[in-house]
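A.B. asks: The chain contents come next:
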Amino acid sequence: MIAGTTWFILLFASILSASEHPLKMSVANFTYLEEKKTYQLDIRLYIDDLIMATEGELPKAISVDWSTIAPGKAVVRSYLNEHLKISLNGTEHELKFSKMKVEELTVYVIYNLKSEIIPSLIKTIDITDTVLVDEFVNQRNIVHIELPGKKRKSVLFNRYHRTGSAEY
Amino acid sequence: MMDQFKVYLQLGFEHISDVGAYDHMLFIITLCAFYAWKDWKKILILVTAFTIGHSITLALSALDIINVSQQLVETLIPITIFLTAIHNVSVNRENYLKRKIMLNYLLALFFGFIHGMGFSNFFKALSGGESIVGELFAFNIGLEIGQILIVVIFFTLYFVLDKLLGIKDRDWNLFISGAGAGVSLIMILNTIL
Numbered sequence: 001m002i003a004g005t006t007w008f009i010l011l012f013a014s015i016l017s018a019s020e021h022p023l024k025m026s027v028a029n030f031t032y033l034e035e036k037k038t039y040q041l042d043i044r045l046y047i048d049d050l051i052m053a054t055e056g057e058l059p060k061a062i063s064v065d066w067s068t069i070a071p072g073k074a075v076v077r078s079y080l081n082e083h084l085k086i087s088l089n090g091t092e093h094e095l096k097f098s099k100m101k102v103e104e105l106t107v108y109v110i111y112n113l114k115s116e117i118i119p120s121l122i123k124t125i126d127i128t129d130t131v132l133v134d135e136f137v138n139q140r141n142i143v144h145i146e147l148p149g150k151k152r153k154s155v156l157f158n159r160y161h162r163t164g165s166a167e168y
Numbered sequence: 001m002m003d004q005f006k007v008y009l010q011l012g013f014e015h016i017s018d019v020g021a022y023d024h025m026l027f028i029i030t031l032c033a034f035y036a037w038k039d040w041k042k043i044l045i046l047v048t049a050f051t052i053g054h055s056i057t058l059a060l061s062a063l064d065i066i067n068v069s070q071q072l073v074e075t076l077i078p079i080t081i082f083l084t085a086i087h088n089v090s091v092n093r094e095n096y097l098k099r100k101i102m103l104n105y106l107l108a109l110f111f112g113f114i115h116g117m118g119f120s121n122f123f124k125a126l127s128g129g130e131s132i133v134g135e136l137f138a139f140n141i142g143l144e145i146g147q148i149l150i151v152v153i154f155f156t157l158y159f160v161l162d163k164l165l166g167i168k169d170r171d172w173n174l175f176i177s178g179a180g181a182g183v184s185l186i187m188i189l190n191t192i193l
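Chains F and U, in that order, give the protein sequences. For the first sequence, my numbering begins at 1 and goes up steadily by one. For the second sequence, my numbering begins at 1 and goes up steadily by one.
FYI, nobody ran anything at the bench for these hints, they're computed from the structure. Take every hint as true, because none was put in to throw you off.
Partial pick of chain F residues on the chain U-facing surface, computed with a CB cut under 10 Å:
hint, residue
1, 29
2, 104
3, 106
4, 140
5, 144
6, 153
7, 155
Glycine residues also receive a C-beta, built at the ideal position from the N, C-alpha and C atoms.
Based on the provided sequences and hints, a complete structural model is requested.
C.D. replies: Structure below.
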């Protein structure tokens, strides 16, 4: 009886509640676009985490549609430019912001990277990914690397592992 | 540098062993509070029930059958912990352990289900519509390994305290369940207020 009543009250309350999600993570993909002869880095990260990182707090609302309050392009661009770096064979390359799309829970950003180094000549890829790691202690970032003719590799980042490499 | 399976396996293991995301750990400990270290077979069933819950979620998620509100899922997690703690102290342990099917198993199954559901929703959002079955499978294995580790540490501590101080099963249950109820109640209030 007590358990049943507790269920009812708390289930009802839960419908009205809002909470932060448990998974602190971003996923990026580094690929080569054969037709454009350019590299591409795309990244997805949660909108609410990005708001916390760029604005310091979340709106206090019972129910929030994150897609309507996502940070603007300039804010996202500035934040990511500071927290994502890529070097090919030891040379840092500029990541050029291409486009940003707001999805249901996430922000999806695409960067282009021009390089003279073709995929078959790449020996090492050094990545610095500090996206959200200072804001959230349990933040984990994954970068999947998929280049033509090379084995797919993944690099995991957190607050204590801010840089990582893939060697071929 | 790792392959994708290892990355998600590590993520799953780190998630359960992460003190910052202690809801999962709290549930496992509260669930185990009811048992003495001698009841390891029953604990194995509990862990299996949890795994089955996760697996069901995995299948439903892969087939795009479920799409439950994340807010609801997140609030259900501490509610499950709270109810488990109440259940632990409200039943007669000796009589209860003689039953073949116990409510605890269902709670473990349910918790596995809703916890897994929470993750599948968020993994999906990061996948950009691509299949996430492989990633979720690896993540769940990592979770299970971490879960078994927590159970082993918990019962090792219980075993040592039992041998050194002669702690009674009922006192241990009250102590751990009380802590579980208190912390989960705060978590519930945090999600509501």
